[in-house]
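Undergrad: Let chain V serve as the given structure and place chain E on it in line with the hints.
First to last, the sequence lines map onto chains V and E. Oh and the first sequence: position 150 is 149 in numbering that gives the first Met the number 0, straight run, nothing missing. Oh and the second sequence: position 207 is 206 in numbering that gives the first Met the number 0, straight run, nothing missing.
Rather than coming from a laboratory, the hints here were simulated on the basis of the structure.
Which chain E residues stay away from chain V? Per the calculated CB distances, all over 12 Å, these:
{"no.": "1", "residue": "57"}
{"no.": "2", "residue": "80"}
{"no.": "3", "residue": "273"}
Heads up, simulated SDA-like pairs for lysine to any residue below, C-alpha to C-alpha not over 25 Å straight-line:
{"no.": "4", "chain 1": "E", "residue 1": "287", "chain 2": "E", "residue 2": "91"}
{"no.": "5", "chain 1": "E", "residue 1": "287", "chain 2": "V", "residue 2": "128"}
{"no.": "6", "chain 1": "V", "residue 1": "75", "chain 2": "E", "residue 2": "189"}
{"no.": "7", "chain 1": "E", "residue 1": "287", "chain 2": "V", "residue 2": "91"}
{"no.": "8", "chain 1": "V", "residue 1": "211", "chain 2": "V", "residue 2": "230"}
{"no.": "9", "chain 1": "V", "residue 1": "75", "chain 2": "V", "residue 2": "183"}
Every residue gets a Cβ at the ideal spot worked out from N, C-alpha and C, and that includes glycine.
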Amino acid sequence: MSALLELHDVEARYGPVQALRGVSLEVPEGEIVAVLGANGAGKTTTLRAVSETVRRSGRIELGGKPLRGGPEAAAKAGVAHVPEGRGTFTELDVTENLRLGAYTRRGRRADADIERVAAWFPWIRERGTQRAGTLSGGEQQMLALARALMSRPRLLMLDEPSLGLAPLVVREIFRIVRELNAQEGLTVLVVEQDARIALDAASSAYVLEVGKVAVSGSAGELRENEAVRRSYLGY
Amino acid sequence: MGDFLQQVVSGLASGAIYASLALALVLIHRATGVINFAQGEMATFSTYVAWTLTTNHGWQYWPAFVVTLLLSFAGGVGVHQVAIRPNEKGSVLRVVIVTIGLLLLLNGLVTLIWSGEVRAVQSPFPTRTIDIGGVAFSIQDLGTIGVAFATVALLWLLFQYTKLGLAMRAAAVNPAEARLVGVRVTWMLSLGWGLAAVLGAIAGMLAAPSVFLDPNLMAAILIYAFAAAVLGGIDSPLGAVVGGLALGVGLNLIGAYVDFVGADLRLPVALLVILVVLVVKPSGIFGKREVRKV
Numbered sequence: 000m001s002a003l004l005e006l007h008d009v010e011a012r013y014g015p016v017q018a019l020r021g022v023s024l025e026v027p028e029g030e031i032v033a034v035l036g037a038n039g040a041g042k043t044t045t046l047r048a049v050s051e052t053v054r055r056s057g058r059i060e061l062g063g064k065p066l067r068g069g070p071e072a073a074a075k076a077g078v079a080h081v082p083e084g085r086g087t088f089t090e091l092d093v094t095e096n097l098r099l100g101a102y103t104r105r106g107r108r109a110d111a112d113i114e115r116v117a118a119w120f121p122w123i124r125e126r127g128t129q130r131a132g133t134l135s136g137g138e139q140q141m142l143a144l145a146r147a148l149m150s151r152p153r154l155l156m157l158d159e160p161s162l163g164l165a166p167l168v169v170r171e172i173f174r175i176v177r178e179l180n181a182q183e184g185l186t187v188l189v190v191e192q193d194a195r196i197a198l199d200a201a202s203s204a205y206v207l208e209v210g211k212v213a214v215s216g217s218a219g220e221l222r223e224n225e226a227v228r229r230s231y232l233g234y
Numbered sequence: 000m001g002d003f004l005q006q007v008v009s010g011l012a013s014g015a016i017y018a019s020l021a022l023a024l025v026l027i028h029r030a031t032g033v034i035n036f037a038q039g040e041m042a043t044f045s046t047y048v049a050w051t052l053t054t055n056h057g058w059q060y061w062p063a064f065v066v067t068l069l070l071s072f073a074g075g076v077g078v079h080q081v082a083i084r085p086n087e088k089g090s091v092l093r094v095v096i097v098t099i100g101l102l103l104l105l106n107g108l109v110t111l112i113w114s115g116e117v118r119a120v121q122s123p124f125p126t127r128t129i130d131i132g133g134v135a136f137s138i139q140d141l142g143t144i145g146v147a148f149a150t151v152a153l154l155w156l157l158f159q160y161t162k163l164g165l166a167m168r169a170a171a172v173n174p175a176e177a178r179l180v181g182v183r184v185t186w187m188l189s190l191g192w193g194l195a196a197v198l199g200a201i202a203g204m205l206a207a208p209s210v211f212l213d214p215n216l217m218a219a220i221l222i223y224a225f226a227a228a229v230l231g232g233i234d235s236p237l238g239a240v241v242g243g244l245a246l247g248v249g250l251n252l253i254g255a256y257v258d259f260v261g262a263d264l265r266l267p268v269a270l271l272v273i274l275v276v277l278v279v280k281p282s283g284i285f286g287k288r289e290v291r292k293v
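Extracted from the complex, chain V is given alone in its bound form (with noise of 0.2 Å):
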């Protein structure tokens, strides 16, 4: 089992303010990996700092690779990473949203895509022309799910999907992402607020306090850990 994302040690900074001191964390092919941790602590920052959208140094590596010329770079390697807050294009129609997905792949394979990526998303088929802008919060989300599966990435990175939605349908993006885990073997590392679920998802985790790792582990030995249950799970 060989990591196709590792970090080694990477730092990055908003202007002044430090906001990774040195994570080291890896991906396994095929897995979902989680990171946890407070509000502050890095979690969103870890993902940008793999796609390049925030300053950073240290090694980061996909599929043995160094990853580095920018977000565009990232894209074009295979990485799909969906911010935080959705994601989307809100003023471009669904189907627009999904061919932007699909723009580092070359040719006109985007409409056979479509369909491909409609299986997940059935409601998608129907709303080609409406306004991503006009979407609810949960159909944003997932619209912003399917334009990163466009792009069929080596890796799909998440960051807070459950942010403002409800539980329902928080537990429903859950279950497609593992569904694609297991049927399509898609590694995906998220990043969650909500402890609980994205335990359940992953099959590892990362737990970061103040830009640092402070426990990693399998979801397991987490899930058991004292600290991270009465700071993350609240029981």
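TA: Below, chain E without anything else, positioned relative to chain V:
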């Protein structure tokens, strides 16, 4: 009735020119978030290039037209890469000031290269009229309308039906997101500047035969274009076209039938349009009201 129709068509011809330049302003406003005050001077420069090719080098009109468009495109891309891009990260005001600087620079360059002399520019269309249903229409007016409409239609096809056009729209409305899906945003914005320069060049070349060519060719037209863009909604390409045509026809009819306005007071009327729209409906006819979450 015949006279009225003539005035409408002639208004549409002016309106098509305003619409082209207004569309250029809208493209850049969407991409870069500023009004490009140098848009008119860029167009004037292009028009001089076309004039040089036809007059000094003996080129046929249409080859010169096409080559001018290509050069203008390259020029627009160059202006973005060299002058705008390094300042984009700064405040909006900084970019605005750069465009005003460009305006002065280009105006000076045009005078330096071609002198301030007023030049007659050949029209690609015959100056005759054509009889349609008993009304005589100017072929030049109809040709102007035709060229402008063809340009707008091509642009619409580009933005609506091609991957490149979609990427350009994505880069304009949400650059951060566009980069995440792999769109090279800076180059898309440069392409936008290139296309805007092409639109300006078309406006300039269409306008020059009827108003003569001098370094301030586009000064008034830029104000009409600005009025058109504001009227239609500064972020709406459709609005720019509709606004341009409405303004062209409106001003022409007012000029023809309202005695005290005549031809001299058309510019103040355009300024009045800007003022009224900004006060009554700042987002214009087709614009979306900007909602900011705080």
